[in-house]
Structure formats: C-alpha cells, structure tokens
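A.B. asks: Residues per chain, in single letters:
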Amino acid sequence: MAGLELRNVAKNYGTVSVIEGINLSIEDGEFVALVGPSGCGKSTILRMIAGLEDISSGEVAIGNEVVNDLTPRERNIAMVFQSYALYPHMNVYRNMAFNLELAGKPKAEIDSRVRQAAQMLELEPLLDRKPSQLSGGQRQRVAMGRAVVRDPSVFLFDEPLSNLDAKLRVQMRSEIKALHKKVGVTSVYVTHDQVEAMTLADRVVVLNRGVIQQEGSPMELYRQPANLFVAGFIGSPAMNFFEATVTGNTARTAGGEVFTFEPGPKVADGQKVSVGIRPEHLQLGAYGIAGQVSFVEPTGGQTFVTVDVSGLPVVVTVNGEEVVTPGDSVNIMANPRQTYIFDGRTGERVSLN
Amino acid sequence: MTDTATNPIDAAKAQTPGRSLRFGTKAYLYTCLIIFAAVVVIPLVTTALGGFKTLGDLRGNAFGLPSTWMVSNYADILFSQRYWLQMGNSLLIAGLTVFLTLAFAAMAAFTFAHVKFFGSQFLLNYFLIGLMFPAATAILPLFIRIRDLGLLDTYWGVVLPQVAFGLGMSILLFRNYFRSLPTELFDAAFVDGAGYLRFFWHISLPLSRPIIATVGIISFVGSWNSYILPLIMLNSESKYPWPLGIMVYRGEFSTDWQLILAFITLTILPTVIVFFAAQKHIIAGLTAGAVK
Amino acid sequence: MTETVAAPGLSAGTALARPKVRRARIRGKWPVLVLFLPPALLLFTVFVILPMGEAAWYSFYNWNGYGLPTQWIGWKNYELIFRQGAFRNALVNNGLIILVSICIQVPLALWLATMVTKHIKGATFFRLIFFLPYVLADVAAGMIWRFVYDGEFGLVANIYHMMGLNAPFWLADKNAAFSAVLGVIVWKYFGFHMMLFIAGLQAIDKSVLEAADIDGATGWQKFRQVTLPLLGSTVRLSVFFAVIGSLQLFDMIMPLTGGGPSNSTQTLVTFLYSFGVMRMQVGFGSAVGVVLFVICVTLAFSYKRIFMKND
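Chains as they are written, first to last, in my numbering: chain S, 1 to 353; chain B, 1001 to 1292; chain F, 2001 to 2311.
So here's chain S without its partners, still in its complex pose (with noise of 0.2 Å):
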C-alpha cells in the first residue's frame, strides 16, 4: 500500500494537448474519484497512472518512487476496466490467478488468496466458469477478485460500472464501497457519473479539458462550487443558471428578475454574472419571481416542475405531494444564502457562498 503522487502530469498527442500539468496528491488508504464529461481526459490520467500510456511531461509517483519509466507490470497497480477485460479462454479460477503465476508465487499461496478472494466477493461457485458464461455483474465481480487477490499498491477503476444496469450499478456501488473499508487499499477512480463518484469516494476531484476545476469532499463541491462548471456539473437536476448584472448585493436579469445574494470581496457594481440556484432550493410561494408551469415531472418523493421565466426555462424541485399542473402562475423564491453568483468572464464564483 502507497500513496500516489502526480506533479505536473500533462499529455499531449503532438499539438493537441488533453491533459494539462495536473497536480493532484492522494493519501495512502484515500478514495478518490476522476469526474467529468467524456473527453476530459481523465482515463487518460488513469492510464497513465497505470502505465499504459506515456507521460508527456511531469511525474507520477507511487509511494515515494517516481513511475515515469517503469511498465504496468513493474508498478504493482491493480485495475478493473469498462470492459472488465477478463481473459475470455480462462476459468474465473485462473483469471483471478494469473497474476499470482506470473509473479511466480507457489502454488498453495496462489490457491488460498484466490479462494479467499473468491470468498469475499461470493464468486466461490463460480469458479470453473468462463467468463462468457457469467452475467454482467458476475464478469464485474470477477474483475474486481482479479484486483483485490493481488494486494496492489493502488487499485484503479476505469467506469467499472457503466456496463451493468441502473439496479445492478447501485448493489455494486455498496460492494466497492466495502470493499474498500474491507482492504483499505489506495484507489482511484474514473467515472462521468456525478452520483457515483460522489457516493463512494472520500475526495472528488473534477475535471474538465485535461484541467482540474475543483477537488474536495463530495460535501464540498455541492455546497462550493468554485465555478460555474463545478456548479452545473455537479448536483441533479443540474443548476439553474441567469445572466445578470450586479448592484451591490443584487443580481438583475435582462428579464427584470432580481436576485439577492451574499457578496465576496471580487464583486463590483456593474459586473456582469451568471447567478446559479440549484432546483431543490428554490420554492414555490405566494410571492418572487413570476412565471409559468411548462410542464411537470413527478418522480415520487419528488416533482421536478419547468417554469417559464421570461423564457428561461428554471427548474424546481418540490414535495411529491404538491400539486402542480402546466400552465399554473408560480412565484418561485430563492434564498440568498443559497444563491451563488459567477463571475461572467472567468466562471469563477465570486459571491460568499
């Protein structure tokens, strides 16, 4: 087991640059998700973490030792991939087990760490099996024993959940959670599902363009965005977002609608922002800014409803209970303390909260 260290990683693929000096240090034993749209490129910092592609500039560090030149099978890294990448002609027995042969471990050790393994992740009957024999979140469960039987220093998983349905992803997002509690291992992990990564991991860091725009407690990021991506990317439904003009401790729209707000030291009368409320903080009431129901969602517990705001659609959350239906004149209300201004140029969020 090891921490992880990147300084100044970047990648570029000759003039196209994808990965951008990321500086990013990860405490032994530490859960940290990669977040962000596709394209961001943060496989391709898995990846190069793992070894499978070359680092354009900067270090990767595992425990104290610089990484750079050594190859994947040097760097003692486990993986579990999109793909989950089980060897198609192997038993789930000798999958799990190939590792151990090829270190050359003696044959009773390989055999009680892949039971054991086996065990943990309740894979023991199916042990014989090919892996075109398995379900979908069987194969999963066996990329997964392929990592833990190996005691790596860093466990590393590329959208290990994507390929499995929204059901089995929620049960296999409690077993990692576990697992990681069980073993305790360094891990890092990719994934473009906001929720995901902000359920398991200890420390999220988001990405965009091959540049980190935020790293924090999953807690963090929700409550301060640092700037308007992090705010629209994380939470859902997404942030609504107004263009405004500020006045003191005012944003108002070119629509007219006036937004109070908890100034920071960089505001100045005048600037141009964009002022960011999440739906589930905002409410519906007798009084605010007026508008129409387009149209309702009702999901259960909650009803997300559309309201028409000078033309701008904005979302609401509200009590499943409510009554809501298209074409109703709303008042929408938002709390100061939880509305966040942007600054217009740099996206950087500039009110205190």
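Hints are not guaranteed to be accurate.
Said to hold, decoys possible - Below, computed lysine-lysine pairings styled on BS3-like, alpha-carbon distance capped at 25 Å:
| no. | chain 1 | residue 1 | chain 2 | residue 2 |
| --- | --- | --- | --- | --- |
| 1 | B | K1280 | F | K2121 |
| 2 | B | K1280 | F | K2206 |
| 3 | F | K2206 | S | K130 |
| 4 | B | K1026 | F | K2309 |
I should point out that these hints are in silico values taken from the structure, not numbers from a laboratory.
Let chain S serve as the given structure and place chains B and F on it in line with the hints.
C.D. replies: Chains B and F in isolation, oriented as in the chain S frame:
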C-alpha cells in the same frame, strides 16, 4: 468476444495509441520488417528493371540499374497487338464471369435468405458442396462436357465453369449478408405492399453494395489470374487470356529473359496499379471470403 | 334494400381480405423461386456436380474421350495411379507443402502480423507490401521466380557469380527443385495468412492485453498465454486454408518446373494434368480427379470435425 461495450466510451480512450515503443523495440521491428519487405520486393523490382536491360547486362548485373536503358523491350510489347489482345481477352472473360456470378449468386442467395420453401436447406447444402473441391478434380469430364456443348475454344467455355465453381462461396457470402439485414426492413416492405421481386430489386440490392464489391473482387481476381481452365478450354491464341499468353511468350523467347521480364512486368502492372489504388477494398474482399 | 344487400357483400369482402393479406405476404414466392433459383442451380449442376459424378464413372474405363466409353477396366486405373512413382512424388510433395505451411508459413505470418499491428509508422505500407504477392497471379509469380532461380541470368546466379562461383540450376536439380518451389509458395502466400492474423489480432479486445500488462505479463508471456489462445480459431482457419491451397496447387508449378525434373515437383493437380489431360487419358485422369476429390473431402471434413467444431 468478452463484452461489447455499448456505453459511451471516453473520447480520449478511443484515440489512445497506448505506450510508445522503446527505441530498441522499434529498431528490431523495422529491421525485421525491412528484411522481409526486401525479400518480397526485390524479385519484383529486379524483374521490372530486367525488362530494360540487355541479355548480357542481365547476366552480370541482375540487381543493379540497367547500363543502357533498353526502352525498346517494353515499347515493342506495348506496340504489339498480342499484349492488348490478351489483356482484352482477360478483361472480357473476367467481366462476364463477375457479372454472371453476381447475378446468379445474388438471386439464389436471396431465395435462401428470405423465401421459405421445402428443401431450401438441402439445396443450400447442395451448393456448398462446391466449396469442398477445386475445379481441377473434374477437369476432364468438364472438358468433355464443354466440347459436347460446342463451347470449346469460346469464351463461354471458360466463363461458365468459372461461374459455376464460384457459386458456392458467392451464394454463401450473399446469403449471410442478406440475413444480416434487419428483418424489420422485410416486414416494412411487405406491409407497404411490396412483393419479393420488388423487395429484392429496391431494398436488398441497393443495400448490398459492400457484399457485391466483395464477391465481385473475389471472382474478378480469380478469373483474371486463372490459368488451368483457359489452358484446357481454349485452343486459338487469339482468345488466350494473359496467363496463357505469358507462357506462350516464354515458349517463343525461351532464353531472351529481358523480353520475358518486360512482358511479365507489363502483364502484372495492371494488377499492381489496381491493388495500390484500391488496396482497402481488395484486401477486405479477398480476406472476407476466408473470415466469414 | 340494395344497401342491405351490398352490406353483407362488403363484409364478406373484408372477411376475405384477411387471408388475402396473408397471401400478400407471400405474393411472388413462386415467381421468385422459378426465376431466381434455376440459373444458379442449372449452371452448378451441369458444370460442377455432373462432371464430378462423371469423373467417378469414367474412372472405370479406358477411354480417350472420343465416342462413348466402352472399355470397362474396373479398378485398373486406380491401381495404375498408385503404382506410378510420379503420383507418390505428388502425394509426398503435397504433404511437404502442408508441413511447410504449418511449420514455417503460418508462424511467419503470425509473427509479421504481430509486428504490423503495432503502432509504428509505415505499418500499413508493410502490410500492403506483404500482401502484394498474394494478389499477383500464380503464373506470374512462378515466372518471376523462374527468373530469380535461373542459373545463368537470374538473381541466384548473380549472387554466385559475385562470389566467383558457378551458379547451380536449382529448378533443374531434382534434389533441390522442390525446396525452391516451397520457397516460392511461402513467398506467394504468407501475406494472405498474415491478413487473416491481422483480422484475428484486431478482434482481440485491447483492454484484455492491457489487463495482462497490469497483471505483470512480459511481452512473450502476453503472447503465449493471452494472444495465442485467443487466436486459436484464426490459427485453425489459416492451417485449413494452407491444406486446401496445397491440394489445388497447379498454376505456379507450371511456369516454374512443369512438374519436372523427373517428376520431382509434381503435385496432385500437375500429375492429373501431365498424365491425364496431356495424354488425353480421360479414364485415368478422372480416376486421379476422384482420388483428389476423396482426399479434399476427407481432409476438409475431418479437419472441421476435429479442430474447428467450436469455431
């Protein structure tokens, strides 16, 4: 084979070439590849160059450039009637073969793929027997049949057996392709009131361009290069395709290697040019028959 | 009144329309069968199946092809075949071709395929070059190599001359000729097998190989334990084509040696040509054809049964 990852994959992942190779590995790879490429290319290049040499030059200097460029070796052939006649014969035979193979195989395959009728599986297997043995096994009875039909020394005497022996593979390829088209198309067309004939003409065929290309390439290359059938079926030199012509030419100029080399070069030139121009299609076509 | 009469008529019409719709689904079935199937069926029967059957029939006659076969000689043609030294040479040679294909050509093709599927500049170019001989006609390839092997003007001769030695005529030497022919076969066909392997290699999920990297496999272990087992079906396919190809080999032998010297380079098909067709021994030649047919079918069937049952 294991999984089909249908989910959106990270865009960056799709284009990653992985780790670049070490210098030593690269040097090793290039050395091996160049050596083998040389083994392939040197006979071809020396053949082409040899056509420009004098016989004496060839004896002492088969590898180098010609000491005097005997362009006349090539020019004489290019200005001769026989070269063009042979090329024309080959083209005609191959063209007819391709056309008939495509037409007959596509039609037969269509019935196997879409029309349910008694004995269809049996008939398909019947055609697949053709995959089991080469034309050579029945070459003598074939010769007698062609003779009795009065087709000896005609293009048809070569074309018809070539088509017949190509049918097994072609029907198989067409049928598998037709079957891979979505069945909804079939249902939709029938709901729209189309019959089998219209379905074949307006839907199956227009969608079949890739497989038409594949089967067409296989049968064209096969016919263009074929030797044994024309050898047995054709008597008059005026009807010879080029592989026969090359042998006759060699017989006439038995030791004038420079002329023979020029002749070989000119006869394989069309193949080489077409190969490099349409390499993707040709490689796909010629390996498709094997892989599918 | 007229309306009420018409109404049942109409409803009967719509009731009838149902089976009619169903019939519409198979409309044109018979025209299609009658139009589409016969051309292929006729051609195939007349030029493939019947000749094969006739070959079996003729093989029991001594017949020069004119008139009707009347001189029934039983199994004599077959006895004659197996008594011919040239036929035994042909059998051995076909066996040698298969052996060389399996032991040299297929591994070579696989090795080159692994190299040209790496991410290096010019990989596509090398693939093209390696595939080029396969596209050339057998006759042309045979002719080119006849020049290469020529003892006076050829490339081999030039190499010997450069070293100040007298050049051998390999193709005229009955001990060396067939080895020379085998060389040409490998040269001509390895590219095809390489393409099969390229297709096979590309079908392997790349992440499986990466998983092997991470599991600590060296390059060789990765090849031996992951790539090769996953290529199993391609290897079997490649060998299958080598076997079938060997049994058909004719076009290339003719310009190279014509089966000589002293029948040392005969293959089954050149034997059939020289002893059946050239001498117009229809009965004998047909018998050779039947033997070839039996060998082809037996090899193809048993190979598929034994090795390719899961592919």
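A.B. asks: Taking the hints in turn, state whether each one holds.
C.D. replies: Taking the hints in turn, this is what the structure says about them:
A distance of roughly 18 Å separates the Cα atoms of B:K1280 and F:K2121; the hinted pair therefore holds under the 25 Å criterion. The straight-line distance between the Cα atoms of B:K1280 and F:K2206 is roughly 23 Å, inside the 25 Å bound, and the hint therefore holds. At roughly 19 Å between alpha-carbon atoms, F:K2206 and S:K130 fall within 25 Å of each other, so this suggested pair holds. For the suggested pair B:K1026 and F:K2309, the alpha carbons sit about 39 Å apart, so the restraint of at most 25 Å is broken.
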